[in-house]
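K.L.:
In order, the protein sequences belong to chains G and X.
For the first sequence, the numbering used here gives the first residue as 1, with consecutive numbering after it.
For the second sequence, the numbering used here gives the first residue as 1, with consecutive numbering after it.
Quick caveat, the hints were computed from the structure, so don't treat them as lab data.
Take these hints with a grain of salt, some might be off.
Which copy? The list can't say, so a pair holds if one copy fits it or any two copies do.
Below, in silico cross-link-like pairs of lysine-lysine (DSS-like), each with a Cα-Cα straight-line distance of 30 Å or less [what the hints assert, rightly or not]:
(1) Lys11 <-> Lys57
(2) Lys20 <-> Lys57
(3) Lys173 <-> Lys57
(4) Lys89 <-> Lys59
(5) Lys170 <-> Lys138
(6) Lys29 <-> Lys139
(7) Lys20 <-> Lys89
(8) Lys173 <-> Lys138
(9) Lys57 <-> Lys29
(10) Lys59 <-> Lys170
(11) Lys170 <-> Lys91
(12) Lys20 <-> Lys91
(13) Lys170 <-> Lys139
(14) Lys59 <-> Lys139
Everything numeric in this text was worked out from a predicted model, so none of it was measured.
Protein chains: 2
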Amino acid sequence: MDFLEIMRQRKSCRSYQSGKEIPREELLKIVEAGRLSPSGCNSQPWRFIVVDTPEAKEKLCDAIVMPNGSTGAPWRHNVSAFIVFVECKAKVMQSVLDRYQDSQRFAQGDIGAACMNMCHEAFSLGLATCMIGMNDQKKMEEYFGIPQGHEVRLVLAVGYSAETPGPVNKVRKSLEEVCSFNQW
Amino acid sequence: MDFLEIMRQRKSCRSYQSGKEIPREELLKIVEAGRLSPSGCNSQPWRFIVVDTPEAKEKLCDAIVMPNGSTGAPWRHNVSAFIVFVECKAKVMQSVLDRYQDSQRFAQGDIGAACMNMCHEAFSLGLATCMIGMNDQKKMEEYFGIPQGHEVRLVLAVGYSAETPGPVNKVRKSLEEVCSFNQW
């Protein structure tokens with residue numbers, strides 16, 4: 001199968017069927033797609049916390065509401081499971097430190113790639129996902145025992161879509177806007 | 001096909017067959033996998049420069065050598081084409097600015113995901129890839145007309161593998177090291 005077909009069919013889901021559990025066997029397959037992901041200097045600067053019990057999910061749903069009450073995920077209470085992406089200190093080659101003076105130079109991109117791969121694996125299992133970017137770092141640390149200094153970069157919602165099936169219309173910039181050959 | 005099979009089979013390639021061109025039709029399929037990628041607030045904070053002429057590739061090969069002479073890609077001269085990922089200013093929702101005071105909060109992760117998707121599309125076309133993290137920003141700007149203030153985050157090498165086929169052995173942290181349930 002041409003991978004482009006996955007890119008065309010997969011989409012972020014913002015409406016989920018409530019009360020459905022995902023077997024841990026499937027959650028572990030999704031995590032595996034992240035664990036196997038490539039990373040800068042193979043540093044794997046991540047830790048994944050799978051949140052799938054009712055008590056833990058309730059805390060997670062609270063931790064993705066901002067102090068001012070705003071949230072990008074008003075549909076969060078119907079999600080079957082969440083995966084929290086925590087950035088960890090990366091061991092990179094000395095040449096990277098010489099060039100950028102920053103062990104975390106590649107970490108955010110690596111985590112984005114790992115999360116994307118988990119989305120694809122979930123899709124291939126018939127599950128729906130949505131990446132949630134905003135969270136309340138302090139609540140995350142308190143609720144899930146995340147050590148200070150470890151930033152939560154993403155939360156991935158995983159569940160069963162309640163959206164009406166139909167053609168996927170992706171709103172994207174045109175090819176000409178985002179791509180050129182051999183010169184900006 | 002279970003997407004995990006792609007994760008298990010795909011790997012970064014550091015030995016390429018020289019003198020082979022990739023048809024632009026295929027390069028555009030690879031770019032399309034990036035163009036269709038999800039991003040924070042659908043901001044699509046990227047521009048992709050495809051480098052595929054001998055003259056431009058020579059410049060690119062020079063721009064991924066650091067001022068001190070080090071490079072992560074000594075095999076770069078046999079690569080058929082490169083794709084340069086330039087970070088662009090992201091238009092994000094006001095709630096993101098309220099929370100993080102940073103329009104680029106999600107940009108690096110978004111670019112990592114887009115690059116990962118291009119790797120998968122290349123793989124499904126029978127091509128090999130390697131993400132190159134380090135570059136000489138000044139040379140990139142000079143050689144490719146990249147406006148100041150637009151950081152080159154990644155360069156993707158795309159070509160025809162010259163590695164001996166065989167089982168893929170991925171060196172990764174164990175599941176226990178990177179994953180836990182409902183608590184750090």
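K.L.:
If a hint holds in the structure, say so; if it doesn't, say that too.
P.N.:
Taking the hints in turn, this is what the structure says about them:
no. : hint              : in the structure
1   : Lys11 <-> Lys57   : within (23 Å within a copy, 35 Å between copies)
2   : Lys20 <-> Lys57   : within (13 Å within a copy, 52 Å between copies)
3   : Lys173 <-> Lys57  : between (35 Å within a copy, 26 Å between copies)
4   : Lys89 <-> Lys59   : within (26 Å within a copy, 33 Å between copies)
5   : Lys170 <-> Lys138 : neither (34 Å within a copy, 35 Å between copies)
6   : Lys29 <-> Lys139  : within (28 Å within a copy, 42 Å between copies)
7   : Lys20 <-> Lys89   : neither (35 Å within a copy, 39 Å between copies)
8   : Lys173 <-> Lys138 : between (36 Å within a copy, 27 Å between copies)
9   : Lys57 <-> Lys29   : within (20 Å within a copy, 39 Å between copies)
10  : Lys59 <-> Lys170  : neither (32 Å within a copy, 35 Å between copies)
11  : Lys170 <-> Lys91  : between (37 Å within a copy, 17 Å between copies)
12  : Lys20 <-> Lys91   : neither (39 Å within a copy, 35 Å between copies)
13  : Lys170 <-> Lys139 : neither (33 Å within a copy, 35 Å between copies)
14  : Lys59 <-> Lys139  : within (8 Å within a copy, 48 Å between copies)
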